Amino acid sequence: MPNLRFTEKALSDWMRSDAADSEIVISSRVRIARNLQHVPFPMLASNEQSEEVLNKLSEVLQYDDVHAFGDFHTLDLIDIDDLDKRVLVEKHLISPSLANESRNGAVILSEDESVSIMINEEDHLRIQCLYPGFQVKEAWEKASAIDDAFEAHVDYAFDDRRGYLTSCPTNVGTGVRASVMMHLPALVMTQQIGRILTAVSQVGLTVRGIYGEGSEAMGNLFQISNQITLGQTEQEVIENLHGVVLQMIGHERTARERLITDSRLRITDRVMRSYGILSHAAVVDSKEAAQRLSDVRLGVDLGLLDGLSITVMNELNVMTQPGFLQKTFGEDMRTDERDIYRAQLIRDTINAAKQS
Amino acid sequence: MLCQECNKRPATLHFTKIVNGEKTEFHICESCAREKGEMIPGTAGGFSIHNLLSGLLDFDPAGKSGSAGTPPAKALQCEECGMTYSQFSKIGRFGCSSCYKYFDSRLDPLFKRVHGSTSHVGKVPARAGGRIKVKRQIADLKRELQESITQEEFEEAAQIRDQIRELEKGIAQE
Ligand SMILES: [Zn+2]
Ligand SMILES: [Zn+2]
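If you read the sequences in order, they're chains A and B. Under this note's numbering, the first residue of the first sequence is numbered 1070, with each subsequent residue one higher. Under this note's numbering, the first residue of the second sequence is numbered 621, with each subsequent residue one higher.
Read the hints as simulated data drawn from the structure, not as lab findings. Treat the hints with care, as some may be off.
[Claimed, not checked] Simulated restraints, written as ranges between beta carbons of each label pair:
no., chain 1, residue 1, chain 2, residue 2, range
1, A, Asp1140, B, Cys626, 47 to 55 Å
2, B, Ile791, A, Asp1150, 31 to 39 Å
3, A, Gln1106, B, Ala792, 19 to 27 Å
4, B, Lys710, A, Glu1120, 23 to 31 Å
5, A, Gly1263, B, Lys789, 34 to 42 Å
6, B, Met621, A, Thr1404, 25 to 33 Å
7, B, Ala695, A, Glu1210, 42 to 50 Å
8, B, Lys789, A, Arg1264, 29 to 37 Å
9, A, Gln1106, B, Ile769, 37 to 45 Å
10, A, Gln1106, B, Lys789, 25 to 33 Å
11, B, Arg785, A, Asp1224, 28 to 36 Å
12, B, Ser651, A, Leu1152, 20 to 28 Å
[What the hints assert, rightly or not] For lysine to aspartate or glutamate, the following EDC-like pairs were computed, each having C-alpha atoms within a straight-line distance of at most 20 Å:
no., chain 1, residue 1, chain 2, residue 2
13, B, Lys755, A, Asp1228
14, B, Lys710, B, Glu625
15, B, Lys753, A, Asp1224
16, B, Lys732, A, Glu1305
17, B, Lys753, A, Asp1090
18, B, Lys710, A, Glu1170
19, B, Lys710, A, Glu1308
20, B, Lys694, B, Asp724
21, B, Lys732, A, Asp1229
22, B, Lys721, A, Asp1181
23, B, Lys789, A, Asp1229
24, B, Lys755, A, Asp1229
25, A, Lys1206, A, Asp1090
26, B, Lys762, A, Asp1229
27, A, Lys1211, A, Glu1305
28, B, Lys721, A, Asp1224
29, B, Lys753, A, Asp1228
30, B, Lys753, A, Glu1384
31, A, Lys1125, A, Asp1216
32, A, Lys1211, A, Glu1308
33, B, Lys753, A, Glu1170
34, A, Lys1423, A, Glu1384
35, B, Lys721, A, Asp1229
36, B, Lys732, A, Asp1090
37, B, Lys753, A, Asp1134
From a predicted model like this one, the values you see are computed outputs, not experimental measurements. Built from N, CA and C at the ideal position, the CB exists for glycine as well.
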């Protein structure tokens, strides 16, 4: 029986702590891609080969130097049903491609879910560290230390000139992808976001927003990550991302201050309307939920609302996703039913938080 | 800004490619990204750039005949996993680590476009990496040597030269 407590709670333990700049940066993540020598990449590996990779990499966990990073639980993807896989994806603990396409795929999770090690995804090994708030350097240091511990026991595919060899040419070299998830409502409201995102993409970083039909990102959430993995050291990549995000935090803060001085009434009205809808509505679709939760989150940050914490807002971001709703209320759910349950769940969570 | 695929919807996904040091931007809408089967909203994966990549890989910088001593792309095949260069250019992914060796003659332009660079300067595996570290050290010292010769600091140059010889001897003995 697989250990499925990982899909029962919306919020990983690592998300519960107070972290630096967490009113703007939701989380920081570093992922390192590695492959074993002399075994085809997962896409071409035979069933036996991918099984061998899984066994070899799972064995590494038994060594003390790896164990030092915490108690790990290995989940074979084959033992996990589709809904639980979806919840793991919504919690960012596994990638969609590991959930859908992997052969002999597995994920190794640390007790607090801050470390997630994917096996037989696009590459044999992907070490991921997730931290709350703006802690991209901390995430890199931990991921790199775990990488060292693995490397002490297995031979990686590495080339003098090209570095760590990966399945996709976009990861070769360092194999490192560092990203931060940012909540930037004030930059969106003041229409500065386009200019800033263009500038960001010009310094080797990629921005992903989750967009609805209009030009507004769903929930004003943006993921900033490095695009270059060859020709820059890991430190340069992390420093570059760190520096750019720091500037963006500054811009968002300034925009928030300006909003509150110049248009306090308008912003208060917007926050309160969204709060009113979320605490009373009977039907809320996912797009509206993302938008209203963003407003309320901003209200919490600006001190316009008491009783709600950033942690509760983080929790709601995960809980309102389709997979998690089905996990909580039952699997056979139509979209319109989901919108009813979503509304109920948000109401209950907000009211409970207000009373405690 | 309109999506460059459909020219209808606003472009909401933006990528930057570096081509010979020059930056090129791609702008595409969510529907077009989703149509390509790469976009799963609300998840970690998001849009992957394999489609755009394979567009880049089709490009044959040395001309179709492989004039400048480069073998024609069609003839390239990885002897370890069997992947051909043409398969690679369609999928945008390598089959195994040896593909890097067999496709090597074609990879510099690709890496220049994607990363603006062709060689790794980052972390090196500790166990296998001793030799690589020494090689890098030698390369650094050679630059220093050049510098001190230009500055006419010959005493220092001689010292650096001895250091290089010592390191080179070390590698040769392994
Ligand atoms: Zn389009
Ligand atoms: Zn190959």
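Would you mind confirming whether the straight-line C-alpha gap from lysine 753 of chain B to aspartate 1134 of chain A stays at or under 20 Å? Violated, at about 24 Å.
Between lysine 755 of chain B and aspartate 1228 of chain A, is the straight-line Cα distance small enough, at 20 Å or below? Holds, because 13 Å separates the two Cα atoms, which is no more than 20 Å.
Within a Cα-Cα threshold of 20 Å, do lysine 1423 of chain A and glutamate 1384 of chain A meet the stated pairing? Distance ~15 Å between lysine 1423 of chain A and glutamate 1384 of chain A Cα, so the pair holds.
Does the Cβ pair serine 651 of chain B, leucine 1152 of chain A satisfy 20 to 28 Å? holds (27 Å)
Please verify whether lysine 721 of chain B and aspartate 1224 of chain A have alpha carbons no more than 20 Å apart. holds (18 Å)
Quick one, are lysine 710 of chain B and glutamate 1170 of chain A close enough, alpha carbons at most 20 Å? holds (19 Å)
Given pair status - aspartate 1229 of chain A, lysine 721 of chain B, alpha carbons within 20 Å: holds (12 Å)
Given the hinted pair lysine 1211 of chain A and glutamate 1305 of chain A, is their Cα-Cα distance within 20 Å? holds (17 Å)
Would you mind confirming whether the straight-line C-alpha gap from lysine 710 of chain B to glutamate 625 of chain B stays at or under 20 Å? At roughly 19 Å apart (the allowed maximum being 20 Å), glutamate 625 of chain B and lysine 710 of chain B satisfy the hint.
Is the hinted pair lysine 755 of chain B and aspartate 1229 of chain A satisfied, with a Cα-Cα distance of at most 20 Å? With a Cα-Cα distance of about 9 Å, the restraint between lysine 755 of chain B and aspartate 1229 of chain A holds, given a limit of 20 Å.
For the pair supplied as a hint, lysine 732 of chain B and glutamate 1305 of chain A, is the alpha-carbon distance within the 20 Å limit? holds (18 Å)
Between the alpha carbons of lysine 753 of chain B and glutamate 1384 of chain A, is the straight-line distance 20 Å or under? Since the Cα atoms of lysine 753 of chain B and glutamate 1384 of chain A sit roughly 46 Å apart, the hinted pair is violated (cutoff 20 Å).
Of the hints listed earlier, those the structure fails to meet are numbers 2, 5, 8, 17, 19, 22, 30, 33, 36, 37, in rising order.
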